[in-house]
Amino acid sequence: MIFGRFFRDFNKYFASCVLLFLVVLSFYSLINLNGGLSLYKVGGWQPVNKIPIGIYMMMDGFNSLIVCIINLVGFLAVFYSISYIKRYTAENYFYALFCLLIGGMNGVVLSGDLFNIFVFLEISVISSYALVAFGVEKNELEASFKYQVLGGLASFLILFGIGFIYWKTKTLNIADIRAAFSNGYDKKYYLFVQLLILSGFGLKAAIIPFHAWLPDAHSSAPSPISAMLSGVFIKAVGIYVIIRLFFNMFVISEEMAILITTLGTLSMVIGVFLAIGQWDIKRLLAYHSISQMGYVVMSVGIGMILVSRGLKPEVASLAITGGIYHLINHAAFKGLLFLNAGAIEYTLGTRNLKEMGGLAKVMPVTSATSFIASMSISGIPPFNGFFSKLIIIIAAVMARFYLLAALAVIVSIITLASFLKFQRYAFYNKPANPERPEVKEVPFPMVFSMIVLSILCLLLSLLVIPSVREAVLAPAVDILTDPLKYSTFILGQ
Amino acid sequence: MCFGLFLVGLYGVITRRNLVKIAVSLSIMEISTFLFFALVGYIDKGVAPIVNPADPDKIYVDPLPQALVLTAIVIGLATTSLLMAVIIRLYRKYKTFDIREIKELRG
Numbered sequence: 001m002i003f004g005r006f007f008r009d010f011n012k013y014f015a016s017c018v019l020l021f022l023v024v025l026s027f028y029s030l031i032n033l034n035g036g037l038s039l040y041k042v043g044g045w046q047p048v049n050k051i052p053i054g055i056y057m058m059m060d061g062f063n064s065l066i067v068c069i070i071n072l073v074g075f076l077a078v079f080y081s082i083s084y085i086k087r088y089t090a091e092n093y094f095y096a097l098f099c100l101l102i103g104g105m106n107g108v109v110l111s112g113d114l115f116n117i118f119v120f121l122e123i124s125v126i127s128s129y130a131l132v133a134f135g136v137e138k139n140e141l142e143a144s145f146k147y148q149v150l151g152g153l154a155s156f157l158i159l160f161g162i163g164f165i166y167w168k169t170k171t172l173n174i175a176d177i178r179a180a181f182s183n184g185y186d187k188k189y190y191l192f193v194q195l196l197i198l199s200g201f202g203l204k205a206a207i208i209p210f211h212a213w214l215p216d217a218h219s220s221a222p223s224p225i226s227a228m229l230s231g232v233f234i235k236a237v238g239i240y241v242i243i244r245l246f247f248n249m250f251v252i253s254e255e256m257a258i259l260i261t262t263l264g265t266l267s268m269v270i271g272v273f274l275a276i277g278q279w280d281i282k283r284l285l286a287y288h289s290i291s292q293m294g295y296v297v298m299s300v301g302i303g304m305i306l307v308s309r310g311l312k313p314e315v316a317s318l319a320i321t322g323g324i325y326h327l328i329n330h331a332a333f334k335g336l337l338f339l340n341a342g343a344i345e346y347t348l349g350t351r352n353l354k355e356m357g358g359l360a361k362v363m364p365v366t367s368a369t370s371f372i373a374s375m376s377i378s379g380i381p382p383f384n385g386f387f388s389k390l391i392i393i394i395a396a397v398m399a400r401f402y403l404l405a406a407l408a409v410i411v412s413i414i415t416l417a418s419f420l421k422f423q424r425y426a427f428y429n430k431p432a433n434p435e436r437p438e439v440k441e442v443p444f445p446m447v448f449s450m451i452v453l454s455i456l457c458l459l460l461s462l463l464v465i466p467s468v469r470e471a472v473l474a475p476a477v478d479i480l481t482d483p484l485k486y487s488t489f490i491l492g493q
Numbered sequence: 001m002c003f004g005l006f007l008v009g010l011y012g013v014i015t016r017r018n019l020v021k022i023a024v025s026l027s028i029m030e031i032s033t034f035l036f037f038a039l040v041g042y043i044d045k046g047v048a049p050i051v052n053p054a055d056p057d058k059i060y061v062d063p064l065p066q067a068l069v070l071t072a073i074v075i076g077l078a079t080t081s082l083l084m085a086v087i088i089r090l091y092r093k094y095k096t097f098d099i100r101e102i103k104e105l106r107g
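Sequence order for the protein chains is R and W. The numbers in my numbering rise by one with no breaks, and the one at position 53 of the first sequence is 53. The numbers in my numbering rise by one with no breaks, and the one at position 15 of the second sequence is 15.
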């Protein structure tokens, strides 16, 4: 920011370069890790009597994937905003807050310490509050206020949960807590702590009973920020932490697993029904985020039920694979859809579907990329969304949850219907008002980001090929289904 | 005690109509959490954890929760000030603190 006063445009290119560097770094570590684990002790504090005392940063097969999607989507969003953010004042602050958001999310995902997760969570959440209110108009401020009140409530619930865990186990390291819990625990106390943690992170992840803030916040934020919030943020600080804590920290109990599956199913079904009635594109996309996150949570929940019952381990790992695969895919196509919505808003200045129409001729790139994204979110075969939904449905059938499988298919069909509506009103109908000014395609940085993400949508479907899946997704599933691997590795260091 | 404070805060957030009062209720909840942490670290008859090698059987309170509370207080300061800034901007736009009149976003 100091350099930004002397050189014009310094900050935006600097932010892009930093994020490009992070992308390269995260992919390098994904390849280099090769299914193993790596550990970094902050400040070099060595364990005393095998009890970890410092803060640990962890990297394994699961969170290196998440780090990759955070940085990739982050880089594309910041490159996109080089031209998008010109209509706001105070560009410098935008890039500073954006980097803070990315840093916080990376910290949450890499941290192996419960309180450290909380601190990084607050860093990223505070910058996202400010970014949602970035336009300082009525809507943005109101959405940000709602988001802050609910987010503050979630933070206190999480902090209470951490306090209760510390009270009983006298440690904050995730692996060490696992070891303390497996020595025996009070069942009611344990359930209470799990509920606190689940509702806190569930509020951050906007699972259905806690979803009230999400549509407002995601539709009011500037579009690259919506792409970040919806594509990555709710996964990194919500779903990722839930999955990590419930698999690697708590001993999974059956009732919690059933509760998580139910919540996932509810948000999958209700989210899509709320989405289909929307006329504001970004609100429509935000409700679809809730619904798609429902798929992920449901699928992981099925895996949890099977793990807790201790039967059919291969079906459990298939369900978890489906969940993680869908999580990655969702980052690609939902990020792309929000960037498309931003491009439309950039040229037309409206988010209402009824005021659009006929954009396919004048904005060919936006139209084509959004067609790809819509098809992959609703699960049409050559695109990535189809394969991950297929894996989820197959896993549900193999685990004999026929009702859930049927619901997943029905929700997918309704999603298709609502995206056909989006395509038809935005791109193919006649223009709503014939005398609107001449519109043309958006500038190069925006086009570049959209094209890269749409290629990603196609490439990610390669992950379904078994050998590729073994290399990329299997380490992630392995670390989750084998509960002892994580804690013995950390405590053994 | 801290559970009671938490409930007072939650009641305030749910029932109050004034933006500033909601912010105050959130702060009350925050403080209840901090009190809880201080309680977790307290050991009966403990003193401040400054280790004195001459006196090995002294009982010390647990210092870690105190460090955690310090961090949490700093974070709480940041969130509260941001919330207040948003409230001021909202007041400039709407000329009111009443939450019933600020409802552009629905559905």
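No lab work stands behind these hints, which were simulated from the structure alone. Mixed in with the good hints there might be a few duds.
To be verified - With a cut-off of at most 25 Å between alpha-carbon atoms, the simulated DMTMM-like pairs for lysine to aspartate or glutamate come out as follows: (1) W/Lys95 / R/Glu255; (2) R/Lys146 / R/Glu314; (3) W/Lys93 / R/Glu345; (4) W/Lys93 / R/Glu255; (5) R/Lys41 / W/Asp62; (6) R/Lys146 / W/Asp57; (7) W/Lys58 / R/Glu345; (8) R/Lys168 / W/Asp62; (9) W/Lys21 / R/Glu137; (10) R/Lys187 / W/Asp57; (11) W/Lys45 / R/Glu91; (12) R/Lys170 / W/Asp57; (13) R/Lys170 / W/Asp98; (14) R/Lys485 / R/Glu255; (15) R/Lys168 / W/Asp57; (16) R/Lys138 / W/Asp98; (17) R/Lys168 / W/Asp44.
What the hints assert, rightly or not - Per label pair, the in silico range of CB-to-CB distance: (18) W/Lys45 / R/Val42: 32 to 38 Å; (19) R/Lys361 / W/Tyr11: 52 to 58 Å; (20) R/Ala474 / W/Lys21: 50 to 56 Å; (21) W/Gln66 / R/Tyr88: 52 to 58 Å; (22) R/Asp186 / W/Lys45: 24 to 30 Å; (23) R/Gln46 / W/Tyr11: 45 to 51 Å; (24) R/Ile51 / W/Phe97: 40 to 46 Å; (25) W/Asp62 / R/Lys41: 18 to 24 Å; (26) R/Leu20 / W/Gln66: 39 to 45 Å; (27) R/Ile414 / W/Thr15: 33 to 39 Å; (28) W/Asp62 / R/Pro209: 31 to 37 Å; (29) W/Gln66 / R/Trp45: 15 to 21 Å.
Even glycine gets a Cβ: it sits at the ideal position worked out from N, Cα and C.
Please flag the earlier hints that this structure goes against, numbers listed from lowest up.
1, 2, 4, 6, 7, 10, 11, 13, 21, 24
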